[in-house]
Amino acid sequence: MKIEAASESHLPAYRRYFQACRAEGLEYYRELDGDAGEWLRQLLRHAERESLPEGWVPYQTWFLVTGEGEIAGAARLRQGETDVIQDEIGHIGFEVLPPWRGNGYGRVLLQYVQALGLCPACGTWVVVCDAASPASIRTIESCGGQRLEDMPQKDGRVLRRFSLTSLAGMLD
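Here the sequence shown is numbered in the UniProt record's numbering, starting from 1 and rising by one per residue.
Some hints could be false.
What the hints assert, rightly or not - Pair ranges (Cβ atoms, derived):
#1 Val57 with Glu149: 20 to 26 Å
#2 Leu118 with Asp87: 17 to 23 Å
#3 Leu11 with Val158: 33 to 39 Å
Treat the hints as calculated values from the structure; they're not laboratory data.
Even glycine gets a Cβ: it sits at the ideal position worked out from N, Cα and C.
Throw the hints in and build the complete structure from the sequences for me.
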């Protein structure tokens, strides 16, 4: 396994990954319009601060890639502050597909972002997960995430917010 910044070279694997994430019911992918190829090109533009929808901030995406070139997981770092980031989605989002879960790859992705990601002005990121996901909670806590609060949602879910320190920022 290796972690690579998202690029056009990932397109064939991203098409499969995108469909697998949708089939898994991952919210981030369920709400995306268009095909996987267009979405990959769009997220690359967003990383360059181009074509950002109203209220969005630039974000960097990294893929966890298997030796066979398949994408097993992804991490996103949102570079900015909005109420949606603070209350609903967090600065960092990550997922690992079911065949690769339980091997610590979520922690590896999160630590990678912690080590290389640009730290926000406030010094810490917000990371949000479903409070009913013990694996996500363990992953965030294993990377030093400090619980902030639980936030009930209109649909009955409860989101848990964490504060997470940038390791890169600790070296400044």
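How the hints compare with the structure:
The hint said 20 to 26 Å for the Cβ distance between Val57 and Glu149, and at roughly 22 Å that hint holds. For Leu118 and Asp87, the hinted distance range of 17 to 23 Å is satisfied, since their beta carbons lie about 21 Å from each other. Between Leu11 and Val158 the CB atoms are about 36 Å apart, so this pair conforms to the stated range of 33 to 39 Å.
Comparing the model with each numbered hint stated earlier shows that all of them hold.
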